[in-house]
Each structure stands twice: as structure tokens, then as C-alpha cells.
Amino acid sequence: MNDRLRRSLVRVGAMASKETLHVLRDPRTLVLALVMPVLMLFLFGFGVSFDLDRVPVAIADADRTPASRELVRRLTGARELVSAGEADPADADRLFRRGEAAAVLVVPSGYGAQVARRERITLQLLADGSDVVVANQVLAKADALVRAESRRLAGVDLARVDPPLQVKLWTRYNPAGRSALFMVPGLAAYILAISAVLLTALTVAGEWERGSMEQLFASPVGRLEIVLGKLAPYLVLGMLELLLVVAFGAAVFDVPVRGSLALFLVVGFFFLVGMLGQGLLISVVTKNQLVATQAGTMSSLLPSLLLSGMVFPIENMPPALQLLSRVVPARYLVHALRGILLKGNGLAALWPDLLALIAFAVAVLALATARFQRRLA
Amino acid sequence: MTVAPAIEARGLTRRFGAFTAVDGVTFEVAPGEIFGYLGANGAGKSTTIRMLNGLLAPTSGAARVAGHDVARAPAAVKASIGYMSQKFSLYLDLPVRENVAFFGGAYGLAGAALARRADEVLARAELRDVGDVTTGELPGGLRQRLALACAILHRPDVVFLDEPTAGVDPLARRGFWRIIRDLSRDGTTVFVTTHYLDEAEYCARIGLMADGKLVALDTPAGLKRTWVPEDVLVARGRGLREAAAALGGRPGVKNLVPFGAGLHLRVAPGTLRPEDAARLLTAAGAADVTVEQAEPSLEDVFLAVVGNAARGAKGPTP
Numbered sequence: 001m002n003d004r005l006r007r008s009l010v011r012v013g014a015m016a017s018k019e020t021l022h023v024l025r026d027p028r029t030l031v032l033a034l035v036m037p038v039l040m041l042f043l044f045g046f047g048v049s050f051d052l053d054r055v056p057v058a059i060a061d062a063d064r065t066p067a068s069r070e071l072v073r074r075l076t077g078a079r080e081l082v083s084a085g086e087a088d089p090a091d092a093d094r095l096f097r098r099g100e101a102a103a104v105l106v107v108p109s110g111y112g113a114q115v116a117r118r119e120r121i122t123l124q125l126l127a128d129g130s131d132v133v134v135a136n137q138v139l140a141k142a143d144a145l146v147r148a149e150s151r152r153l154a155g156v157d158l159a160r161v162d163p164p165l166q167v168k169l170w171t172r173y174n175p176a177g178r179s180a181l182f183m184v185p186g187l188a189a190y191i192l193a194i195s196a197v198l199l200t201a202l203t204v205a206g207e208w209e210r211g212s213m214e215q216l217f218a219s220p221v222g223r224l225e226i227v228l229g230k231l232a233p234y235l236v237l238g239m240l241e242l243l244l245v246v247a248f249g250a251a252v253f254d255v256p257v258r259g260s261l262a263l264f265l266v267v268g269f270f271f272l273v274g275m276l277g278q279g280l281l282i283s284v285v286t287k288n289q290l291v292a293t294q295a296g297t298m299s300s301l302l303p304s305l306l307l308s309g310m311v312f313p314i315e316n317m318p319p320a321l322q323l324l325s326r327v328v329p330a331r332y333l334v335h336a337l338r339g340i341l342l343k344g345n346g347l348a349a350l351w352p353d354l355l356a357l358i359a360f361a362v363a364v365l366a367l368a369t370a371r372f373q374r375r376l377a
Numbered sequence: 001m002t003v004a005p006a007i008e009a010r011g012l013t014r015r016f017g018a019f020t021a022v023d024g025v026t027f028e029v030a031p032g033e034i035f036g037y038l039g040a041n042g043a044g045k046s047t048t049i050r051m052l053n054g055l056l057a058p059t060s061g062a063a064r065v066a067g068h069d070v071a072r073a074p075a076a077v078k079a080s081i082g083y084m085s086q087k088f089s090l091y092l093d094l095p096v097r098e099n100v101a102f103f104g105g106a107y108g109l110a111g112a113a114l115a116r117r118a119d120e121v122l123a124r125a126e127l128r129d130v131g132d133v134t135t136g137e138l139p140g141g142l143r144q145r146l147a148l149a150c151a152i153l154h155r156p157d158v159v160f161l162d163e164p165t166a167g168v169d170p171l172a173r174r175g176f177w178r179i180i181r182d183l184s185r186d187g188t189t190v191f192v193t194t195h196y197l198d199e200a201e202y203c204a205r206i207g208l209m210a211d212g213k214l215v216a217l218d219t220p221a222g223l224k225r226t227w228v229p230e231d232v233l234v235a236r237g238r239g240l241r242e243a244a245a246a247l248g249g250r251p252g253v254k255n256l257v258p259f260g261a262g263l264h265l266r267v268a269p270g271t272l273r274p275e276d277a278a279r280l281l282t283a284a285g286a287a288d289v290t291v292e293q294a295e296p297s298l299e300d301v302f303l304a305v306v307g308n309a310a311r312g313a314k315g316p317t318p
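In the order they appear, the protein sequences are chains A and B. Read in order, the letters of the first sequence correspond to residues 1 to 377 in the working numbering. Read in order, the letters of the second sequence correspond to residues 1 to 318 in the working numbering.
Here chain A stands alone, though its shape is the one from the complex (with noise of 0.2 Å):
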């Protein structure tokens, strides 16, 4: 019993060191697997912001007076907006259509009259509607900044009567309201879950592809053999483009990891087993590198895209996409992420989340196991 042992972990072992050969040997696994992460990290991170920033705003002031002067410097001056010159109401087409400004402020004639006399003004703003993310953001800007002139104006003794009702906001782990704090987190999962299912979907259809696969078959060498050698040096991979990321995340962008780091890798390991795993799967099924590429690509990319909560709130969609959600892997590494840098939350908070994961690896390696098996014999 120990020697059938030994003779299989001697086994596991060839598998795995020639993988790592492979691996060694071909440049493409090795960008696959550690720049490409960075790459888009960076692409990202950068790329992908919700916040407001230098919005031009195209300004009609028909009134022309300091009054109105002193209003438009106000909503310029921050750095969310900014003035992209005179215009008449009438342009507001032309500029949204050329892309010079996202809105359009009217100040109407007659206003420094009406602020004098204290009276109730209307002011104007056109919004370019094709972008609802920049429409709504200006609109929630100008509006904060116009409230705070109107305080301005009616002044001291307004402002110290305090109104019946206030909300004071206190952010809590992302006080700046960072878009990338936000990012990091889905992003690994993202970046993780694409290259993890690619490495292993390539492989292993590719010893199909070569007839190796058959002389395999031919030797002692187990199913489950093939499958925990083929695994183990992506594993290793996996687990330092994980660390990657999240360095690259806490030097570039300021991601905090206020958690546990080993819970951190833990979790980061279930995942990464999960995701070689589905492509193992994948290419135990199509046999085919060209095929196993395409359904590794859109089995992993789009769920942990739109699925994941990276990007779009999992509260917000539709019951049956919340239900569907429940199978991505990416949604609870996402969520396990999130809380283990950010709110450094410990295993009392996620372990359904890496229950998941676990749940999710182990299934999926079963699966493929299985399949393996039913294919010869």
C-alpha cells in the first residue's frame, strides 16, 4: 500500500514537473499568466473610474452680471467640472454631438436682479442623455454645488438655522470614494479567473491535440493522476499572480489589505482550484485547443464580468440573474475580497463564501475526473 503510494505520488510528480517544463519553455504560458494580469490591472484600473472628472460643461449666461460671473465660477471651480466656453442654448446639439461639452448651464437674464432681491430663481441645465453614468453624475454635481451657493447667498443667518431633517454621510473603508479601492478586489477575480481557466483549458487540450494524451492512457498513470499534475504548477502560478495583483494593486492604487493575508490565500487557492478546474473540464470536453480557448474565454470572462458584482451590483439585477450569480465562482472571491482588504473581515464573516468555493472546486474537479474517465474504455 505504501509502495502503490510512493509509485503515485512518483507519478504526480513527472506530471507535474513536466508541466512546469512546458510552462518554463514556452514564454506565452508565462505572459499569459504573470504580465497580462498587470497589463490589464493597469488598463483598469486607470481606465475603469466611476469618478467625476473634468466634465466640460458649456456655460450660456445670458445675464452677464457679477452675480451670475460669481455662479459660474463656483460650479467651474471644482475639479469635477469644468467650463468648456460660451455658448448660445441653441448650440446645445451641436456641442453634444461634437462631444465639446456633456452639458450646458443657462443662466437666465435678469438673474443678479432676482438674487438681489432675494427672489426664487430658475436656473437651466441641458444634459447630454447618451451617457446616463457622466448624465447623472453632473446632474448630482450641479446640483450639490448650486444648493451650496443658494446657501451662500441667503446667508449667515440661514445657514445657522438648522433644518428639521439632516443626513450627515460617513463613508466607511472607502471614504474617498475611490473607484479603483473598488476595482482591485473584482478585478483580481476577474483577471484570476480568465487566465486560470485558460492555462489549464490549453494544456490539456493540447495533449489531446498531440496524441500524448493516448500514450498516457496507455501508462499507469491515473485519471486523477493527470488531473492533480496538470494542476499543481498552474496552482503555483495562480497563487503568485494572485499576489501579483494585489501588490500591484497596494503600490499603484493604494488598496489597502487590512485582513488576514492567509485567509486571503486561502481563499485565493479554492478559487484558483476552481477556476483550473472548470478548465480542465473544458478540455476534457472539447479536446481541441482552437474550441477550448473560445469556451475558456466566454465561460470565465463574462460571468465574472457582469455576474460578480465587480462592476454592476448583484442587488440590482433581475432574480433570475441573482439566482445564476450564485454559481460564479468570481462572486464570492469578489465579495470575500472586498471584505478581507477593505473591511478587514475574517473568517467568521466569509466562510460562506469560501464554503462556496470549496463547494464549487470540488464539484468541478470531480466532474472533469469523471468525464476523463468515461472517454476511453
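Think of the hints as simulated: they come from the structure by calculation, not from any bench. The structure presented is a predicted model; accordingly, all values stated were derived computationally and were not measured. Each residue gets a CB set at the ideal place from its N, CA and C atoms; glycine is no exception. Treat the hints with care, as some may be off.
[Stated by the list, open to error] Going by beta-carbon spacing under 8 Å, a handful of chain B positions derived as facing chain A:
#: 1; residue: T59
#: 2; residue: A75
#: 3; residue: K78
#: 4; residue: S89
#: 5; residue: Y91
#: 6; residue: D93
#: 7; residue: L94
#: 8; residue: R97
#: 9; residue: E98
#: 10; residue: G105
#: 11; residue: A106
#: 12; residue: A110
#: 13; residue: H195
#: 14; residue: Y196
#: 15; residue: L256
#: 16; residue: P258
[To be verified] Not close to chain B: a few residues of chain A, all C-beta gaps over 10 Å, as computed:
#: 17; residue: M15
#: 18; residue: L21
#: 19; residue: G47
#: 20; residue: R73
#: 21; residue: V132
#: 22; residue: V133
#: 23; residue: R152
#: 24; residue: V221
#: 25; residue: L224
#: 26; residue: L243
#: 27; residue: F253
#: 28; residue: V266
#: 29; residue: L301
#: 30; residue: R326
#: 31; residue: P352
#: 32; residue: L354
For chain A, the structure is supplied; the task is to place chain B on it using the hints.
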């Protein structure tokens, strides 16, 4: 005491849907024997091998390899055989030595035992000098020797070689067969498929497959006696084609085929001596005629057997 056969197939049959790839094949191979398995493409050679090495379950029938039942103890069978599949399937991106190391590990060899054995097989396959060369850079002949080396690392009792010399030049083929004969001398049973009939002469016994059936099984000499019982005469000279008609009608002459510049004759034993044939041809107008009696080749056997199988006959025509 009789020695148990190294390979034993009983009524081995494999169907793929309505198509019967291998149909009730029964044979035995003795330990240390070189057994050649011949047949046209699609005759069922590879399917037979894949049933014997446990890659494919038979539809019916049974097989024992190296003393183990293929259906009941596939793991024991796999541990005691070596297999070289038809498609070259080693890892081209790895050096020669790493391929050997991997397959050694796959058969449970490790450490010093693996290193020693790797040296031995590389020496036997005359690949020691190219140990560090990337496998993809080797010429075809060396690749095939490497595949063989990987298949015999674990000292298997039986090796299955599926078209091992396909696409390899004649000199390299000869070298390959030298290794096969060495293996057999050391007691390894070799089951080899080929469609090179000259190679089949090296085999102790030959099984001939046609349309999934084993239609002939004997030593090369035995096959020739059974399937080509006639004398084979080879005539050379000038104007043979025109003169051939003079022999065509004679009793005992079974077959008359132009072959290059010469003429191949198959005649019932003792009915036409070479010198008589030469005299008749000369009389019919041919010049410088020499006629010699020749050994029938396996090619003659192959054509006779396959032609016979195509006509649906069971045994050789008398």
C-alpha cells in the same frame, strides 16, 4: 510444462455502431516472439492494439496480456506493457532526456534508478549524443527511436508498436529493427504492425488482417508455402512481352505478370523447369533469355491473401 503465452486474444471483436472494426480475432503470441500484424489501412490493426493495451473495451471476446486479463486487471496490464502509438506523441518542446525522464516517472521510476535506466535506453537507442537536443529538432528516424526508448524504459514484458517506422527512411528503418531484434533476444515480446512487407520478414510469425478479420497466421515461410504453393520463375531478356503468349496456354502456368523489363511466372510445382521456360520463350522470339527460380515474396502472399479475402473465400485456393 508449457509457457503461458505473452498475448492471448480469444474472439476479440470491436464494433463502432454498425461497423465492425475487428471481427472475432483469435491468436496467441509466445514470450519473446516478434509478432507482425499486417493489413491495409483500416483493416483493424490499431483497433486490435488498443483493445490489447486497455485503451478500448472489446465489444465481445477476451484478451490476456502478460498474464493479466485486459478487462479485469487493466492496471496490471498497463504496468507490464510498453506502447508506441501510430502518431508521434512525445513532447517536441522538451529535450530528449526530459521526455525519457517524464515517461520514466509515469511508470513510477524515480531518482538514481531512473537516471541509470535512462542512460541504458538512450545508449540502446543510440541517442546518448542528442540527450540535450530539443526533441522537435530531431530527424524522423531518431524521433521514432526515442519513442521506442520511452516505451521500453520500465522493462515491459510486451511492447506494442503501431506502425513504428511509417515515413522513416530505409536505413533508419533497418536500425530500428536491429533494436527490436535485440529486445526480442532479451525476452521482450514485440507486437508490431507495419505495412512495409520487407520488414515483416523479420517477424517470427505474421498475422494478416483484412476487413477486421484475421485471415492468415503463420511464419513468413509457412505463409509463402500455403498461399503461394506454385514455383515462381523470373525471366529476363529482350522481347519477353511478345513471347509471353507462348507460355500463357501451357498447363500448370497459373499466372503471368510483366515485372519491370522481366516476366514473373507462377507455375504448378514441377510442371515447368526454368530451362524449359527459357527454351520456349526463345523459340517464341525473345533473345538473351535467362530464367531463374525465385523465392515467393511476402508481397505475393499479401496479394493472394487480400485478393482471396475480397472474394470472400476462407482459405487459400488450392
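Ascending list of hint numbers which this structure does not respect: Of the numbered hints, 1, 8, 13, 14, 15, 16, 17, 18, 24 do not hold.
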